[in-house]
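Using the sequences provided together with the hints, build the complete structure.
4 protein chains.
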Amino acid sequence: MSSKSDAKRQLILEKAAEVFAGRGYRNVTMKDIVEACGISRGGLYIYYDSVEEIFEDVLDNEDSADLSSIDLTSASSVDLLLYFLKEEKKEILKKKNNLTMAYYEYAFACKCEGKADKAKKKMDQEVLILQKILDRGSESGEFVVDDAKAVATDMVYAINGMKVCAQTVGITEKKVDKELVYMMRRFMEVEE
Amino acid sequence: MSSKSDAKRQLILEKAAEVFAGRGYRNVTMKDIVEACGISRGGLYIYYDSVEEIFEDVLDNEDSADLSSIDLTSASSVDLLLYFLKEEKKEILKKKNNLTMAYYEYAFACKCEGKADKAKKKMDQEVLILQKILDRGSESGEFVVDDAKAVATDMVYAINGMKVCAQTVGITEKKVDKELVYMMRRFMEVEE
Amino acid sequence: MSSKSDAKRQLILEKAAEVFAGRGYRNVTMKDIVEACGISRGGLYIYYDSVEEIFEDVLDNEDSADLSSIDLTSASSVDLLLYFLKEEKKEILKKKNNLTMAYYEYAFACKCEGKADKAKKKMDQEVLILQKILDRGSESGEFVVDDAKAVATDMVYAINGMKVCAQTVGITEKKVDKELVYMMRRFMEVEE
Amino acid sequence: MSSKSDAKRQLILEKAAEVFAGRGYRNVTMKDIVEACGISRGGLYIYYDSVEEIFEDVLDNEDSADLSSIDLTSASSVDLLLYFLKEEKKEILKKKNNLTMAYYEYAFACKCEGKADKAKKKMDQEVLILQKILDRGSESGEFVVDDAKAVATDMVYAINGMKVCAQTVGITEKKVDKELVYMMRRFMEVEE
DNA sequence: TATGAATGAGTCTTCATTCAT
DNA sequence: AATGAATGAAGACTCATTCAT
Chain L
2 MSSKSDAKRQ LILEKAAEVF AGRGYRNVTM KDIVEACGIS RGGLYIYYDS
52 VEEIFEDVLD NEDSADLSSI DLTSASSVDL LLYFLKEEKK EILKKKNNLT
102 MAYYEYAFAC KCEGKADKAK KKMDQEVLIL QKILDRGSES GEFVVDDAKA
152 VATDMVYAIN GMKVCAQTVG ITEKKVDKEL VYMMRRFMEV EE
Chain W
2 MSSKSDAKRQ LILEKAAEVF AGRGYRNVTM KDIVEACGIS RGGLYIYYDS
52 VEEIFEDVLD NEDSADLSSI DLTSASSVDL LLYFLKEEKK EILKKKNNLT
102 MAYYEYAFAC KCEGKADKAK KKMDQEVLIL QKILDRGSES GEFVVDDAKA
152 VATDMVYAIN GMKVCAQTVG ITEKKVDKEL VYMMRRFMEV EE
Chain F
2 MSSKSDAKRQ LILEKAAEVF AGRGYRNVTM KDIVEACGIS RGGLYIYYDS
52 VEEIFEDVLD NEDSADLSSI DLTSASSVDL LLYFLKEEKK EILKKKNNLT
102 MAYYEYAFAC KCEGKADKAK KKMDQEVLIL QKILDRGSES GEFVVDDAKA
152 VATDMVYAIN GMKVCAQTVG ITEKKVDKEL VYMMRRFMEV EE
Chain P
2 MSSKSDAKRQ LILEKAAEVF AGRGYRNVTM KDIVEACGIS RGGLYIYYDS
52 VEEIFEDVLD NEDSADLSSI DLTSASSVDL LLYFLKEEKK EILKKKNNLT
102 MAYYEYAFAC KCEGKADKAK KKMDQEVLIL QKILDRGSES GEFVVDDAKA
152 VATDMVYAIN GMKVCAQTVG ITEKKVDKEL VYMMRRFMEV EE
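Protein chains in written order, with my numbering: chain L, 2 to 193; chain W, 2 to 193; chain F, 2 to 193; chain P, 2 to 193.
Keep in mind the hints are simulated off the structure, nothing from the lab.
One or more hints might be untrue.
For chains that are exact copies, the list does not tell them apart, and a pair is met inside one copy or across any two.
Said to hold, decoys possible - The calculated DSSO-like cross-link candidates involving lysine-lysine, where the alpha carbons are at most 27 angstroms apart (straight line), are:
| id | residue 1 | residue 2 |
| --- | --- | --- |
| 1 | 116 | 150 |
| 2 | 32 | 123 |
| 3 | 179 | 119 |
| 4 | 16 | 176 |
| 5 | 179 | 90 |
| 6 | 16 | 175 |
| 7 | 32 | 91 |
| 8 | 32 | 176 |
| 9 | 133 | 95 |
| 10 | 16 | 121 |
| 11 | 122 | 175 |
| 12 | 179 | 116 |
| 13 | 9 | 150 |
| 14 | 133 | 112 |
| 15 | 112 | 87 |
| 16 | 16 | 90 |
| 17 | 116 | 176 |
| 18 | 133 | 32 |
| 19 | 90 | 32 |
| 20 | 16 | 133 |
| 21 | 9 | 87 |
| 22 | 121 | 91 |
| 23 | 175 | 32 |
| 24 | 16 | 150 |
| 25 | 9 | 121 |
| 26 | 150 | 123 |
| 27 | 9 | 176 |
Encoded structure:
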């Protein structure tokens, strides 16, 4: 049955996501995933033929949530911006199930095969959303923005920089806050 | 003689650096390095006992150059800033021997063992240098900077973000230029 | 199923015992055992992780038989003694599956880790059984024994000496017989 | 020069003997010996081509001492016997440079090649000496011995049994004393 | 579907042995 | 004589992948 299969497939993706979060992409073997799922080696092969395939499905499984849930029609631009940054902050600092490094390892490993499109699209989408928020806020007089695209792009680079730092050299919540406040100050007044 | 050993050791480090640049950290085996060096398996073990050991030596071998070569006493702050950014741009875009991803993979893999200190120090150093340049420029009236530390930190995060992007989703020179110009505009007038 | 696994495990133990008998303990590699069993390298690792582990299981597999099969309540003490010595003679002279040297090599290799307990127990048990036989025979007037424990201990040392000789410098059946007869003469009349 | 060579050769044999005493025969590599001697790999090969060759020379180097030093013409048979047993006791219990197990491992490894002759000869010699002592004592009335050869053979087997036990399952000095006293009681009066 | 035993290829690591110096 | 770098073969161990059940 498809429903049964889907449940198992979902289980695999969830457990695999935990594994990828903990060990990155390259350090993960089929065996690791089999053990994390508590199923048999052969059992996993019924659903997936390789770590790569699983990882790609894990990514598809995650993506959906974050950005699409922002409703651009509602509320003030300031609220939208704060929501956007709060979400990013959460992602920067989250310990469990953080796929950032796995993501970049995967993209780096598959660079030549153009498999990094997903990551690229995600980034472009983030820039776009941020740009829209800034444009809206600019029109409504909430923000003072000269070149919304440039600002959005810069912010997304810096946020990505923080994400990587958080997973490698470490970063404190205070530092993230400071940086986010600094970003906002560039186009609005922030009370601290 | 030590000179002979050192030459071989240097050869290993150079060839290994190329391998790490191409395949990252985790995907590299002793065999890869052996083959890149054109020596025997046993031969490599005379000098190094593990990929980790080699990678750490590769890092030590690289580090020295970059930052210390900036002479803070000379020239105008604008020149210093341009030199700093030009160097960063070169590193962001360089294809050969780019250890960025290997670096982050290594730091992520060894996070718990505190092996990421080197990366942390490098970042802190970059922030410090940039901050000094900004402070000098601020004093001389070349820049208009409110909080030099915040600006420097933000720039380094964004630069790191670009470095990672360049190695994964890809980035064009034009985009890098735009971003760097945007950064500078925040505290000085830039003619395009 | 466990029965299938057990069969394979039993096969491994039997083939491994032959290998140990022929090559001792230290000279045996996983590869030797793999080849003797006619299975794959990986296949062996499913059941055992090291030569040591296999050897310990081989010992456990062997032990059981020998001594417990002597029924101290039956027959005359002379019969018991003869049975005991016949068994020992068989073990001294047996060519196939003789684990004596492997046993001692193992005990020597693991001396510091106290892994020789098994060998020690086996020896103590032999002394004890022999002592019991001698005591019984002494009570019944079949033997003339002053200090049964001393006699038993001496006999077991000499038997072990013969076992080692048989595996190294060689020993003829005639010599073994002579020695066993000499032992018996010390506390009973032996017709030759 | 031969004298220089001989000194080095002697150094190798002495250091190698320590290694064999500690690790047996089979567990010893050329590398172990090289390191114990503090010479270079190539340097060892000038003198010896294999572990086997070294071990054989170590044996030749040791043998000489023990038995030949007993002067059969002197003193009483009791004194000779006590001297003989004292020497054996010393060898049974000695910790440093005890080659017993290496000896047996070697003999077992080379069984088919008839390399165990040395061990065989040593044993036969011991039996012979002991037999002579017993015969002399018998003639002088110090001992009451029926079949000196049988007694001597038995004693040598038991002594060898103790030697092996000492190196594997362990043996206390008290136990050795008891056993030796028991042996003597069989043909003479022993005050305890 | 699901299991897990089995296989074999790939990598790691250690050493005996050689050889230029 | 002596050194120690270098080689390559041998053995250990792990995993992706298959397959009978």
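Query raised in the report: Is it within a copy, between copies, both, or neither that the alpha carbon of residue 16 lies no farther than 27 angstroms from that of residue 90?
Result: within (24 angstroms within a copy, 39 angstroms between copies)
**Report entry** Alpha-carbon proximity context of residue 9 and residue 87, limit 27 angstroms
**Finding:** neither (33 angstroms within a copy, 52 angstroms between copies)
Report task. If the cutoff is 27 angstroms on CA atoms, where do residue 16 and residue 121 land: within, between, both or neither? Let me know, please. Result -> The answer is within: 25 angstroms in one copy meets 27 angstroms, while 31 angstroms across copies does not.
Query raised in the report: Should residue 16 paired with residue 150 be assigned to within, between, both, or neither, using CA atoms and 27 angstroms as the limit?
Result: neither (38 angstroms within a copy, 41 angstroms between copies)
Query raised in the report: For the identical chains here, do residue 16 and residue 133 meet the 27 angstroms Cα criterion within one copy, between copies, both, or neither?
Result: neither (36 angstroms within a copy, 47 angstroms between copies)
Requested in this report: Evaluate residue 9 and residue 176 at a C-alpha cut-off of 27 angstroms and name the case that applies: within, between, both or neither.
Outcome: Neither, since 40 angstroms and 43 angstroms both go past 27 angstroms.
Report task. Since the copies are identical, ignore which copy is meant and state whether residue 90 and residue 32 lie within 27 angstroms (CA to CA) inside a copy, between copies, both or neither. Result -> neither (33 angstroms within a copy, 41 angstroms between copies)
Requested in this report: If the cutoff is 27 angstroms on CA atoms, where do residue 116 and residue 150 land: within, between, both or neither? Let me know, please.
Outcome: Answer is within: at 25 angstroms inside a copy they meet the 27 angstroms cutoff, but 37 angstroms across does not.
Query raised in the report: Between the shortest in-copy and the shortest cross-copy C-alpha distance, which are at most 27 angstroms for residue 9 and residue 150: within, between, both, or neither?
Result: Answer is neither; intra-copy 43 angstroms and inter-copy 50 angstroms both fail.
Query raised in the report: For the identical chains here, do residue 32 and residue 176 meet the 27 angstroms Cα criterion within one copy, between copies, both, or neither?
Result: neither (38 angstroms within a copy, 41 angstroms between copies)
Report task. Using 27 angstroms as the alpha carbon limit, work out where residue 133 and residue 112 are close: within a copy, between copies, both or neither. Result -> Classified as neither: same-chain Cα gap 29 angstroms, cross-chain 37 angstroms, threshold 27 angstroms.
Query raised in the report: Should residue 116 paired with residue 176 be assigned to within, between, both, or neither, using CA atoms and 27 angstroms as the limit?
Result: between (33 angstroms within a copy, 21 angstroms between copies)
This entry does not satisfy hints 2, 4, 6, 7, 8, 13, 14, 18, 19, 20, 21, 23, 24, 25 and 27, going by the numbered hints stated previously.
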